[in-house]
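Number of protein chains: 4
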Amino acid sequence: MKRRIRMGMVGGGPGAFIGPVHRLAAEMDREIELVAGAFSSDAARSIAGGAAYGIGPDRSYPSLDAMLVAERDRADGIEMVVIATPNRHHLTAARAALEAGIAVMCDKPLTATLEEARTLEGVVARAGLPFGVTYTYAGYPLVREAKARIAAGALGTIRKLVVEYPQGWLAGEAVGKQAAWRVDPASAGIGGCIADIGVHAFHLAEFVSGLKLVKLLADLGSVVPGRALDDDCQILLRFDNGARGVLLASQISVGERNGLRLRIYGDKAGLDWRQEEPNSLWLSHADGRSELIRAGDPGLSPAALQASRTPGGHPEGYLEAFANLYRDFARLLRGEAAPLLPGLADGLRGMAFIDTAVRASRENAGWVDFTG
Amino acid sequence: MKRRIRMGMVGGGPGAFIGPVHRLAAEMDREIELVAGAFSSDAARSIAGGAAYGIGPDRSYPSLDAMLVAERDRADGIEMVVIATPNRHHLTAARAALEAGIAVMCDKPLTATLEEARTLEGVVARAGLPFGVTYTYAGYPLVREAKARIAAGALGTIRKLVVEYPQGWLAGEAVGKQAAWRVDPASAGIGGCIADIGVHAFHLAEFVSGLKLVKLLADLGSVVPGRALDDDCQILLRFDNGARGVLLASQISVGERNGLRLRIYGDKAGLDWRQEEPNSLWLSHADGRSELIRAGDPGLSPAALQASRTPGGHPEGYLEAFANLYRDFARLLRGEAAPLLPGLADGLRGMAFIDTAVRASRENAGWVDFTG
Amino acid sequence: MKRRIRMGMVGGGPGAFIGPVHRLAAEMDREIELVAGAFSSDAARSIAGGAAYGIGPDRSYPSLDAMLVAERDRADGIEMVVIATPNRHHLTAARAALEAGIAVMCDKPLTATLEEARTLEGVVARAGLPFGVTYTYAGYPLVREAKARIAAGALGTIRKLVVEYPQGWLAGEAVGKQAAWRVDPASAGIGGCIADIGVHAFHLAEFVSGLKLVKLLADLGSVVPGRALDDDCQILLRFDNGARGVLLASQISVGERNGLRLRIYGDKAGLDWRQEEPNSLWLSHADGRSELIRAGDPGLSPAALQASRTPGGHPEGYLEAFANLYRDFARLLRGEAAPLLPGLADGLRGMAFIDTAVRASRENAGWVDFTG
Amino acid sequence: MKRRIRMGMVGGGPGAFIGPVHRLAAEMDREIELVAGAFSSDAARSIAGGAAYGIGPDRSYPSLDAMLVAERDRADGIEMVVIATPNRHHLTAARAALEAGIAVMCDKPLTATLEEARTLEGVVARAGLPFGVTYTYAGYPLVREAKARIAAGALGTIRKLVVEYPQGWLAGEAVGKQAAWRVDPASAGIGGCIADIGVHAFHLAEFVSGLKLVKLLADLGSVVPGRALDDDCQILLRFDNGARGVLLASQISVGERNGLRLRIYGDKAGLDWRQEEPNSLWLSHADGRSELIRAGDPGLSPAALQASRTPGGHPEGYLEAFANLYRDFARLLRGEAAPLLPGLADGLRGMAFIDTAVRASRENAGWVDFTG
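Residue numbers (the numbering used here), protein chains in the order written: chain S, 4 to 375; chain B, 4 to 375; chain U, 4 to 375; chain Y, 4 to 375.
Same shape as in the complex, but just chain S (with noise of 0.2 Å):
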C-alpha cells in the first residue's frame, strides 16, 4: 500500500485558477495530498486561500520559507512543493525548496526570463531532487499515444508540423487578477502570450514528433492597444531532421477558447489533434484510410492506456491530463522512471524558445539558430 507523498502549495490563493487546478490533480489518484501552503504573502490571505482547499491555518503560511522552516521541523511535514505563482517568483521559489532539501514542481513557464532559467539549471543539478514541469498537455492519453506511435515509425519520416494555440479572452482589456499580471511584464517576464501559451505549443510539438527544434522565425505583435507584451505569435519552424512547421499562439482570436491542436505530417501518414476534444485522435494514411483512435480504446499503446482511467466513451479531460503529470512526478520520488514527466531540460528549452522568439521577432532578424 502506497503512502501519499505529503505536498506544499506556493501561491494558488483566492482567486488563482491554477492553483486548484494544481491540488487536485495532485490528489487525483491518491499519491499527493496537499497539506501545507504558503498561498499568499499576505498572511489573511494565505489562511483564506488554505482554507478553501481544506487547510488549516496552521500550515497555511505567509511565505515559502515559514513554510519550509516550519514544515521541516514535523514529522509529517510536506515532501514536495507546487510553485503555482505568476512566473517572477518561479525561481525564488524553487530554489529555496530545491536548496531545503524539497522536491519541485513547477508550473509554466520555468521562469521569467532565460538568464533565471539557466540559474535555476544550476540549483537542480546540485539539488539533485525530482524537478517537474507542468505541461500540462504532455499529460492526456491520445497525447501519448501520438508520441508512441510516431515513435514507433507510424508517420514516416516526418516533413511538416503545424501546431496552433488560439485563445479569445486577452482580445479585450485585461480584466481581473488571471488576465493583469499575464499582461505584466513585471509579473509574467519577458513574454506574454508566448510565454503563456505558445510555450505549452512549443513543448507539445517536439514531445509529441521526436524532433529538435532548430531554426526559427518570429512575428510577435502586441495587437491590443497598449498592451506591452505580445498578444499574437506567428512562428516559422525548423527541425533537426530537416521537417518545416509552423506555431501560431494568439490570446486576440475572437471566440476561440482553448484551442490548442497539433498536426503532424509524415511521408506515411499524417495525425491530428485537437485538445478541446482530446479523447479523439485522427491517424489519415497516404493511401487514403483515415482512422479515428479514441482514448480508452483496446489496443492502444502503454503509455496511452496508462494515463487513462475510463474505459473509451467515458471522457476524461484536462484534470485527468493534469493529473498524469503528478502520478509521473510520485514516480519520480519513489525512486521509478517517468520518462514522460517534462523537466527541467524541457522547462530551459521552453525559456529559450520564449528568449529567442521575443528577441528574434522585436530585431525583426528573419531565421535565427535556436540552441536550446
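It is worth saying that the hints were derived from the structure and are not from the lab. A portion of the hints provided could be inaccurate.
Remember, identical chains collapse to one label, so a pair may be satisfied in a single copy or spanning two.
Each computed EDC-like pair below joins lysine to aspartate or glutamate, with the alpha-carbon atoms no more than 20 Å apart [said to hold, decoys possible]:
#1 K271 - E176
#2 K180 - D290
#3 K271 - E294
#4 K215 - D358
#5 K150 - E209
#6 K150 - D275
#7 K218 - E366
#8 K218 - D372
Following the hints, position chains B, U and Y against chain S.
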C-alpha cells in the same frame, strides 16, 4: 474550513471498474475521503482491494457488517457508505448501512427488482438519512444547463424527446467480470441492458425535461444467442404533458462506445447533448439560429457554472460529472440542499421503469401505463 | 457520342421546390435535356414556369395530355416525363404517359394511396417501359458504398438498424405552397410526414441493408394542433433475417433541417451515414477500429466511384445524388442495366409501408405483418 | 426567357479533371451551353474529348485558332470560351480569344508568370470584353455570407486572419497527368503549390475580409526529393489595416484531401469556414456565443441565398460553388453587374502574390512589400 466526510465502500474490489471511479469522484473536491471498505466478501481480496485504494488491512473488511461494527467504535469511523456491488446486493447493503445510521450513496439501478426497491423505500423513510443514487450523467454541467434552460422556458412546450444510449461492448460473448455479471439474472436482476444503461437514459430524459413518463411500449430483445437478459431496447414513450418520445438502449451496437445522447424538441427550440463530447450543448431555434454552448462559458446558469471546475476550453468529463454527484451528497450530509442529486425517488422510479418495460415487452403488451 | 434524351416535366411550375431540382439533376451529366413541360394546369402559369427553365411557350403546355399529343407529332418530341406534382396526380400522370409510350421518372411517394399504387403496377407492367422513382438518397455515393460493403459482408450479420429523419420546418402553422399541400389529405394522400420523408427513410434502410421489413409497430402522431395528417412518426421494425430496428421521422423537430441518418449494426462492424454531411461514412469495427470514409477517395467500390464527379475533398451534395438517379434512368433508356435505380417495386413497397403504418397506428394495432 | 450562351472550351480533353467540372458548372443553371471546344492540340484527342462532352467532331477542333475561325462563321457560333489548360497556355489562349472578340472565363492562376499577366492586362483592357477567373471558392454561399457579414461590421475591426489549404496528394512521386504538369515548371510556371492552391487561399482571404495584403514573408519549400517547384508554403501576412495573418498551403500534408479553411478574427467576433464541410459557417462572438450558420437557412444575406439552389439541410458543394461563378459570368455577358465574380484584377493580383512569394522565399528576403 471543511472537514472531510469519511466514506466506506461496499464492493469495488479487484477487477471492478466502478469502484475506483467512485473513490476518485468522491474525493475530487476534498469533501469526502474513502477510509474503509468491504471491497469483497473474500477477506484476502478485500485487503487487496483496499491496498489499491491506499486503505490499510485494518480497515479493509470482509463484509459490510464487519465494517459497520468496527467503524462504529472508532472516533474517526465512517459517516457514509457507497454501494458499488452488482445489483443483487444493493438492498441488503443499503438496509444494513441505513439501519446502522450510516448515509448511503448507491450505484444504479437502485436494486435488482422493483419489489426490493419498494422495500428499500421503507427503509430509507424510516432511517431519515441522506440517500443518493449515482445516475452519473445528471452531474454533467451541460446536462444541468439544459435542465435550467428548459425550466426557464427556452424550448417552449416540449413535444418530442429522443434519448438513445448505444454501446457495442456486449455484442459478442460476455468476457470478463464486468460483462459476466451484467448478463446474469442472478446478479443483475430482471433487466440486462435496460437496467445497466437504459435506466440512465430514462433518468436523464425526465431529469432534463422536467416531464414525467406516463405510458410506454417496450420492445426488448436478446440479440446475442443464448443471452438470458435483454441486450437491445426500443421503447416508445408518452409523457405527462402529452409529449411523444423514444428511448433506445443497446449493448450490441458494434462500434459504439458510450453514445448516450438526448434530444428534446419544443415548439420554440430544440436541444441536443451527447455524452461522448459532453462539453458541447446545441440549442437550435425555430427561427433557424443554431447555438453551440460550451461548458465553462461565461453566461451559463449557476447550476452549470457550479458544476464546472475549469473555464471553457479546458474539457471536463465523466469523472468530474460523477464528482458533482458526490459534491451534492456532501451538501446533504452537511445539512444543505442538493436539489439536483438523484435520490431514492429517482432510484425507485428507475426500477419501476425497468420492471414495467421488461414485463410489457415479455407479454407483448403494447402500450401500458407507467405509474412510477 | 451520346444524344441527349428529351424530357418533359409534369408539375414543377412557379413556386415549386422540386421541379428545378429535377431539371438540374436530369441535365447535370448531359444525358437528358428538359425540352417541354406541363408545368401547371393554368396555361399562363405553365408558360411562366417554362420560361423559368428556358422553355418556350410553344412547349409549355396547359396539361399533360396536351403535351403528349403535341410532342408525339414532333420529330424532336419528348422521350420521357418526370412527374413532379403533388402526390394525388402521380397515378393519373404516370398512366397517361405510359399509355402514350413515354417512360416515366416519378417523384416519391409513388402515389397518394396504396390502391393507386397497385393500379399503377398494372399500368407499368403493361407498358413495359422504364419507370423510376426518385428516392433521392439512394443516389449518394457513400450510400452506395455502404450498400456495397454490406453486400460484401463487411458488417457480418446485421442485427440492428436505426434510421431517423428529423426535420423542423412544419413545427408551426404550415405556411406557403410547399407546406400547404403536404399537410392536406386531399393533395398528399393518407400520409403526412410518413409519406413525405418517412418513406425515404424506409427505402434507404432496405436499400442499404439488403434486408426486407417483415413486421412493424407504428406510433404516428399529429403534434401541431389541428393537423389532419401525421407529423411525427416512431416505428419499430423487424426484418426478414430477424434484425431489429427503429424508424423515426418527424417534421416538428425544431432546429433540425434535413437530418436523415442511417446506422446499421452487424456482428462484425457498424456503419453510420448522415445526409447533411453526406461525404463521410463511418465504419466502426468490433475490434475497436473506427474508419472515416470520404466520398471520392480512391479504393471505394465501383458503385461509389461511378457516383462521384470529383475527387475526395471536393464535396458533392444533394443535387449530385439526385443526378445519379437520372444517370441511371438514362442508362435504362439506352437499354443498359441500372440496378441501383429505385423502380416501381420500390415505389409500391413504399406505399405499402405508408399504408400499413398509417392503419396500424390509427388502430393501435401493435405489431403487424408487413407484406410489402 | 433566357437564351443559353454558347461556350467553347480550350483544353479539358481526355484525362482532364477540371474540364468536365467547367462544363457541368457552366451548364448547371441553363444559362450557358458548351457547344464546341479545342480540347487538345491533338486532333484525334480533341474529337475524343468532345465526344465525352456530347460535342460532335465538327465542333471539336484541333486548336483554338481553328475554333475561333470556324465558329465565327456560324450563326450559332460560340460567344465565350473557357480556358482549362495548364497555366502556360493561358495567356496565348486568352489573347487569341479576346482579340477575336470572344469573352473569356479563365482558370486560375491567371498565367504562368507575372509578366504574362501584365501582358494579358493590356489585352483585356483593349478588348473591353467580360473576363472572369475561376477562383472557385468565391462561389460558395457561405463564403459570400462571410463576406457580407464582415462588410456589415459583424467582426468589428479585423485583427488576425489564418487561411490554410492543406492537401496530401502530391506527397509522393507525381503520378498521372494531373500531378505531372503541376510539378513541371515548363507547364505550371514559377509556382507549384503556391500557384495551384496557395493562390486560391490568397484570393479567398482578400475576398472575404475586404482587406488588401501589403507585406508578406514567404517560406516555400520543395519537400519531395527532386521536386523543382514548391510543394509546401508558409507565408506570414500583413494587411492594409494592420491586421496580421498567416497563409499555409501544402500538397505534402498526407491524409489531407482539400482542406481549405479560413478563420478571421475581429475585435467583436471571429468566423471559421471549411471547404470540406462548406455548408457550415461558424460565427463566435466576444461575449462567448457561438453560432452555427448553415447554407440555405432563412435569414442569410441576399448574396448567400442567391448562391444556394436548395433549402438548408440539402447540402450543396463544389460543383454548385463553381456554377455560381458561371452564373455571374452569364450576368456579365447579359450586361448585368456581377460584383462577386473574380476578374482580371483578381487574377493579376494572384500572379503578383505568386511572384512575390516565390522570389522572396528564394532570396530569403524576409518581409517584403506587396504592391499587387
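Problem set entry | Ascending list of hint numbers which this structure does not respect | none
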